[in-house]
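**Student:** In case you want the letters, here they are:
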Amino acid sequence: MIISLRSISYDDLKKQLSKDDKIVINSCSSCIVACGIGGTTKMVTLENMLRADGYNVLGKDLISIGCTLNLVEKHRKDIKKKDVYDEATVIIPLICENGLKGIEHVFSDKKVIHIAKTLGTGNFTMDRGVVLTNPFENVDLEASVEGYELYEVAEELGLYEDFFDEFDAPEIEKEYVTFNVNGEEIMAEKGANLLTTCEENGIEIPHLCYDEELTGAGVCRMCLVKIKGARDLQPACCTPVSEGMEVVTEDKELNHYRRIILELVLASRNHNCLTCSKGIPNPMFSCELQKLIRKFGIESSRYENTSEPILVDDSSPVIEYDANKCILCGRCVRACEEIAGQCNIGFVNRGSDTMVAAGLNVEMDQSACAACMACVNVCPTGALSERVIHFIGKDWEQVKVYADYAE
Amino acid sequence: MIFTKALEYEDIRKNIDKDNDVITIIGCETCVRVAGSGGQERMKELALKLMSDGYNVKDGFMVPTACTPKIFLAKLGRDVNTILSLACEAGSANLERSYPEYKIVQTIKDVGLMVADTDKNVLKVTMPYKGSENETGREFKAFIGERNENDNSLPIMEMAEVTGVAK
Chain W
1 MIISLRSISY DDLKKQLSKD DKIVINSCSS CIVACGIGGT TKMVTLENML RADGYNVLGK
61 DLISIGCTLN LVEKHRKDIK KKDVYDEATV IIPLICENGL KGIEHVFSDK KVIHIAKTLG
121 TGNFTMDRGV VLTNPFENVD LEASVEGYEL YEVAEELGLY EDFFDEFDAP EIEKEYVTFN
181 VNGEEIMAEK GANLLTTCEE NGIEIPHLCY DEELTGAGVC RMCLVKIKGA RDLQPACCTP
241 VSEGMEVVTE DKELNHYRRI ILELVLASRN HNCLTCSKGI PNPMFSCELQ KLIRKFGIES
301 SRYENTSEPI LVDDSSPVIE YDANKCILCG RCVRACEEIA GQCNIGFVNR GSDTMVAAGL
361 NVEMDQSACA ACMACVNVCP TGALSERVIH FIGKDWEQVK VYADYAE
Chain S
1 MIFTKALEYE DIRKNIDKDN DVITIIGCET CVRVAGSGGQ ERMKELALKL MSDGYNVKDG
61 FMVPTACTPK IFLAKLGRDV NTILSLACEA GSANLERSYP EYKIVQTIKD VGLMVADTDK
121 NVLKVTMPYK GSENETGREF KAFIGERNEN DNSLPIMEMA EVTGVAK
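As you go down the protein sequences, you meet chains W and S in turn.
Quick note on our numbering: the first sequence kicks off at 1 and runs consecutively.
Quick note on our numbering: the second sequence kicks off at 1 and runs consecutively.
Mixed in with the good hints there might be a few duds.
[Unchecked claim] Computed footprint of chain W on chain S; a stretch qualifies when at least three of its residues, placed anywhere within it, have a C-beta under 8 Å from a C-beta of chain W:
#	stretch
1	11-22
2	81-88
3	94-106
4	109-116
5	126-133
FYI, nobody ran anything at the bench for these hints, they're computed from the structure.
Every value quoted in this text rests on a predicted model; they were computed, and no experiment measured them.
Backbone N, C-alpha and C define an ideal beta-carbon position, used for all residues, glycine too.
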């Protein structure tokens, strides 16, 4: 993992900008996120700060791996992003100095303002977060197995240990609305997403197809809620909040629908947690479907499972695609388009035969997959997972650590 | 990503003991695989060679990333006392810290940071570690690690940049 820290203050950043600039903020979704200075939430923070200070921020863009040049180029040329990038005069990439080389090349017609200094390589640890173990020569620290915590390095080198502080910018003028959820008054920014607003206020709405880094799709129907005056149930993940809205997120009827959806999901294909890499919840990855099944106390499905087993695609050295565990939420399809910029994954077939496939329905390693893991990172089940392979014997035969057969 | 090169077989061999070391190889599937110094094929090649030379190699694990707690996805056998790290130096540091009672033997050395193009299958070294300054700007074949015939497939660095250690 490449270790970077923020190298400039918010004032330094503003000095490099003019009010006429048209700004796009983009971010790598890899190491820099673990270092605490990249990713969607940091882009939103910076966007809000700059807007509050009167700068013109056109948009933001998350890139799965910023040091993979072809992915950056595809983001620039993406039909949905091209106009914004073309109009921009300034790019602020939240990326390490290595990825910066690619950004500067792809956006050579723009002013690129960099905010990070790259210090070397290191580890992500569960107890101390990111640590720097192998510093570059100019960092003037010895290599250390224990590693240096980022605050220590920041102090030593006069860098910043975290991202820009939102309180360094004036409070942005926002239009707020008040609405009612389950009898409780909630105030939120006008147009905010109903599902995330509810979650921020401690009201959990079950969902499977929604991911905060992707556009909403409303396809799993788990987050359907009742909104007074609406013709039918509405997907909370695709509904903006508005003044006076009256919402019910949970009652006997909604929970009944959700149970049916979950039982139908269970009856379609094979969701066996005992042979799934995401079967045991842990801080690094857990199955969102399993969590909901437990929440609703479902032990079996009343519907017959008529699905035929589908061959697991383990052609990729890094990704295992088990379509038997796919719930067709489409997160991977959107991630491949929006975060990877690849559009390599899509739906094939129709009706009950519908499935997610790579390329023109070929094995993963025969497709244009860049192995950036954008799809794996958003998959709510064990359908797309990172491969863990065990090799044994005099012929070095490979066996999967998690498999639907006895090792 | 981190660009790495495989150590010479003899340099690996001199750090392990035929009589006392019971070996597991732990490999990373991220940067070292793309750099061509690691990955499944390289692990198999190394394991079979060591076995044929009489070393006690029990098994091997490929984990998604060796620089994160995902190394614990490798389930080590009870009799194993030595881990061969098929990962970058940061991954090896993680192994050393996570398995202090095991002997950790590095099989790969860091060169610097790299930018990749997975469509062209090309890598370019951008920020070298000390001692690898001459690699700056050099291009290699992705997943193989062989030097490219030329260094201008990825025009990401000005020639002026192709100097010294990472600044």
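**Student:** Now tell me, hint by hint, if it's right for this structure.
**Tutor:** Cross-check of the supplied hints:
By the rule of at least three residues with a Cβ nearer than 8 Å to a Cβ of chain W, the coverage given for the stretch 11-22 of chain S is violated, with 0 such residues. Given a C-beta distance limit of less than 8 Å, the hint that chain W covers the stretch 81-88 of chain S is violated, as 1 residues qualify and 3 are needed. A count of 3 residues in the stretch 94-106 of chain S with a Cβ less than 8 Å from any Cβ of chain W is obtained; the coverage claim is therefore met, three being the minimum. Counting residues of the stretch 109-116 of chain S whose CB lies closer than 8 Å to any CB of chain W gives 5, so the stated coverage by that chain holds, three being the minimum.
Judged by the Cβ-Cβ criterion of 8 Å, the stretch 126-133 of chain S is covered by chain W as claimed, because 4 of its residues qualify and three suffice.
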